[in-house]
Amino acid sequence: MMYMKKDNLKRVFKEIYRVLNNSGELVIWDLIIPNRNKNEKEYIGIYLNVEIGVKIIEAGYGIPWDKEQDVNLYVNLATSTGFAIIEQNVDGNYFFMRCRKN
1 MMYMKKDNLK
11 RVFKEIYRVL
21 NNSGELVIWD
31 LIIPNRNKNE
41 KEYIGIYLNV
51 EIGVKIIEAG
61 YGIPWDKEQD
71 VNLYVNLATS
81 TGFAIIEQNV
91 DGNYFFMRCR
101 KN
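Residue numbering for the sequence shown follows my numbering, beginning at 1 and increasing consecutively.
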């Protein structure tokens, strides 16, 4: 969702809620993007090492640094749309959350 415009997120959550089966789940894994200092570059790059079983995947993501986001943004979007948060975790530069349609 980090590639979506912030203005579209509420509409996206409403549509996901509308089409999801009752008790269906929405799972989000995304990056934490901090507030940009005016002296910092216009793009942010975040590098991750993701452990999947015994394998470590190295990944990097770069985007224009024109917004900030964290798990709280998505928790607020989800709960205001009607989802219940059933799991959330923040680990370094990324977060994970699982929501269920009520």
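Hints are computed from structural coordinates only; laboratory data are not their basis.
By construction, the Cβ of each residue, glycine as well, lies at the ideal position given by its N, Cα and C atoms.
Be careful, since some hints might not be right.
Distance condition first, Cα-Cα at most 30 Å in a straight line; then the derived BS3-like pairs of lysine-lysine [claimed, not checked]:
1) K101 x K41
2) K41 x K5
3) K14 x K41
4) K41 x K6
5) K10 x K101
6) K6 x K55
7) K67 x K5
8) K101 x K6
9) K38 x K101
10) K14 x K55
11) K67 x K14
12) K10 x K67
13) K101 x K5
14) K41 x K10
15) K38 x K10
16) K10 x K55
17) K38 x K14
Cβ pair distances, simulated, as ranges [stated by the list, open to error]:
18) I28 x I56: 30 to 36 Å
19) V54 x K5: 15 to 21 Å
20) A84 x R36: 21 to 27 Å
21) N35 x K10: 19 to 25 Å
Against the structure shown, which of the earlier numbered hints fail to hold, in ascending order?
-> 1, 3, 6, 9, 10, 16, 17, 18, 19, 20
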